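Q: Residue strings, one per chain:
There are 2 protein chains.
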Amino acid sequence: MNEKHLGKGSTNPPLSKGKLRLYSMRFCPYAQRAHLVLDAKKIPHDVVNIKLSDKPDWYFERNPLGKVPAIEMESGDCIYESLIIADYLDEKYPQRLLHPKDPIQKAKDRILVEHFSKIPTNVYKLFHGSDIDPLDDILTDLDLFEKELTLRATRFFGGDVPGMLDYVIWPWFERIDAFKIVAPEKFVIPSERYKKLKEWKETMKEDDAVKVTYIKPEIHVQFFNSYKSGNANYDILVK
Amino acid sequence: MNEKHLGKGSTNPPLSKGKLRLYSMRFCPYAQRAHLVLDAKKIPHDVVNIKLSDKPDWYFERNPLGKVPAIEMESGDCIYESLIIADYLDEKYPQRLLHPKDPIQKAKDRILVEHFSKIPTNVYKLFHGSDIDPLDDILTDLDLFEKELTLRATRFFGGDVPGMLDYVIWPWFERIDAFKIVAPEKFVIPSERYKKLKEWKETMKEDDAVKVTYIKPEIHVQFFNSYKSGNANYDILVK
Numbered sequence: 001m002n003e004k005h006l007g008k009g010s011t012n013p014p015l016s017k018g019k020l021r022l023y024s025m026r027f028c029p030y031a032q033r034a035h036l037v038l039d040a041k042k043i044p045h046d047v048v049n050i051k052l053s054d055k056p057d058w059y060f061e062r063n064p065l066g067k068v069p070a071i072e073m074e075s076g077d078c079i080y081e082s083l084i085i086a087d088y089l090d091e092k093y094p095q096r097l098l099h100p101k102d103p104i105q106k107a108k109d110r111i112l113v114e115h116f117s118k119i120p121t122n123v124y125k126l127f128h129g130s131d132i133d134p135l136d137d138i139l140t141d142l143d144l145f146e147k148e149l150t151l152r153a154t155r156f157f158g159g160d161v162p163g164m165l166d167y168v169i170w171p172w173f174e175r176i177d178a179f180k181i182v183a184p185e186k187f188v189i190p191s192e193r194y195k196k197l198k199e200w201k202e203t204m205k206e207d208d209a210v211k212v213t214y215i216k217p218e219i220h221v222q223f224f225n226s227y228k229s230g231n232a233n234y235d236i237l238v239k
Numbered sequence: 001m002n003e004k005h006l007g008k009g010s011t012n013p014p015l016s017k018g019k020l021r022l023y024s025m026r027f028c029p030y031a032q033r034a035h036l037v038l039d040a041k042k043i044p045h046d047v048v049n050i051k052l053s054d055k056p057d058w059y060f061e062r063n064p065l066g067k068v069p070a071i072e073m074e075s076g077d078c079i080y081e082s083l084i085i086a087d088y089l090d091e092k093y094p095q096r097l098l099h100p101k102d103p104i105q106k107a108k109d110r111i112l113v114e115h116f117s118k119i120p121t122n123v124y125k126l127f128h129g130s131d132i133d134p135l136d137d138i139l140t141d142l143d144l145f146e147k148e149l150t151l152r153a154t155r156f157f158g159g160d161v162p163g164m165l166d167y168v169i170w171p172w173f174e175r176i177d178a179f180k181i182v183a184p185e186k187f188v189i190p191s192e193r194y195k196k197l198k199e200w201k202e203t204m205k206e207d208d209a210v211k212v213t214y215i216k217p218e219i220h221v222q223f224f225n226s227y228k229s230g231n232a233n234y235d236i237l238v239k
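Residue numbers (the numbering used here), protein chains in the order written: chain W, 1 to 239; chain G, 1 to 239.
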């Protein structure tokens, strides 16, 4: 998982028997969604990290868009798009079902993910300047999650243990403290407004699947800064 | 289905026993996706049309975003977002499964829908002016579908009968001839480049579910023009 990111001129390591291959980038929140699902369901897999600034030619045969995450099966089939991968894995591997069993609840959770999908776009706008201040939109979307968690009155959105909704939104919560460090004047989250989410965030940090890929805020900041300088250091965690 | 569109000050008719309620707008391609799935699976439902330019207050209690489509169950539960509705209906009502049974094929079809989702945005740009000419992007995306249909060598993407992929992309193909009438100089589709898709489009028009909501190009044009003039005539088909 913390292997060197492969760029142009590299060779894709052969697939391992009985394992899925996840193509990832160690700091990509979308790729982290796939990691979390694979780890939560304990699906045997290996990881190949892709240097997104200098993508290997062979990667476009796996994902024509060149984005991460993608997963490759032993059959050679490849699929991409983080939510499609997450749904595929939950459908194909019945152990520890992450989606709610009730189709209405499953649909409602997917609607919440759809609402959530505006947050990354607005966070991006916040950092890269925009005519309209997107912070209000971010806070309004977070209100929805605070309210939902209060209504559900459970530790996680998924109940006693994290479910699909918890995992697919987690990567952005993991980065909140890093956002605060990078842009303290722009990224102002009134903590008393999100009491439940704050508790949830602390509890999520203790989850076994979350622990596998968890990166400390300072390291996220280091990556952000390298990325902003135009020379993204993907290999910060390589030993 | 061709009832008057309800606006502010209207009353929402009571739900009917044993039926789902679909909130729609007669010319909305996203709402048409929900119609197609309901009709293909023969799920009992009624339709309430929403005047999108003057939404009734009660509609925001069904969908806080105020968009169509949304479906309401007898339980009072509501869900929205066309693809989430489509997946929900296919999961909840087992008759005539529209998604492929094989999870990999299902994921691959969903990836194609994801690729397709850029087309409506680019069509919008084409009509509303944009710095870059979006036609090339539209044609490149259509190439993908032409190639896929050639590879599958079946009448429909779903095989001998239309499946989910066929239905969720159909509404934009139904409107292609109208786009050509509205903007003949901009919307230029080289027909020899899309032979398979052209055949597919003609065959789709004969499908029973497609026939239920099918609107002729001239009527679509009438709606477009009223919409562009700032006074959308939702009720063209009301008798």
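Any given hint could turn out to be false.
Capping the alpha-carbon separation at 25 Å, the derived lysine-lysine pairs in BS3-like fashion look like this [as the list claims (entries may be wrong)]:
(1) W:LYS55 x W:LYS41
(2) W:LYS55 x W:LYS42
(3) W:LYS67 x G:LYS92
(4) W:LYS101 x G:LYS147
(5) G:LYS228 x W:LYS42
(6) G:LYS228 x W:LYS108
(7) W:LYS125 x G:LYS228
(8) W:LYS55 x G:LYS205
(9) W:LYS67 x G:LYS228
(10) G:LYS42 x W:LYS118
(11) G:LYS41 x W:LYS125
(12) W:LYS92 x G:LYS4
(13) W:LYS108 x G:LYS41
(14) G:LYS147 x W:LYS67
(15) G:LYS41 x W:LYS118
(16) W:LYS101 x G:LYS228
(17) W:LYS19 x G:LYS101
(18) G:LYS4 x G:LYS211
(19) G:LYS211 x W:LYS55
(20) G:LYS67 x W:LYS41
(21) W:LYS92 x G:LYS186
(22) G:LYS4 x G:LYS147
Keep in mind that the hints were calculated from the coordinates and are not lab data. Given the structure is predicted, the values throughout are model-derived calculations rather than measurements.
Q: Among all the numbered hints in the text so far, which are the ones the structure does not match?
A: 1, 2, 3, 4, 5, 6, 7, 8, 9, 10, 11, 12, 15, 16, 19, 20, 21, 22
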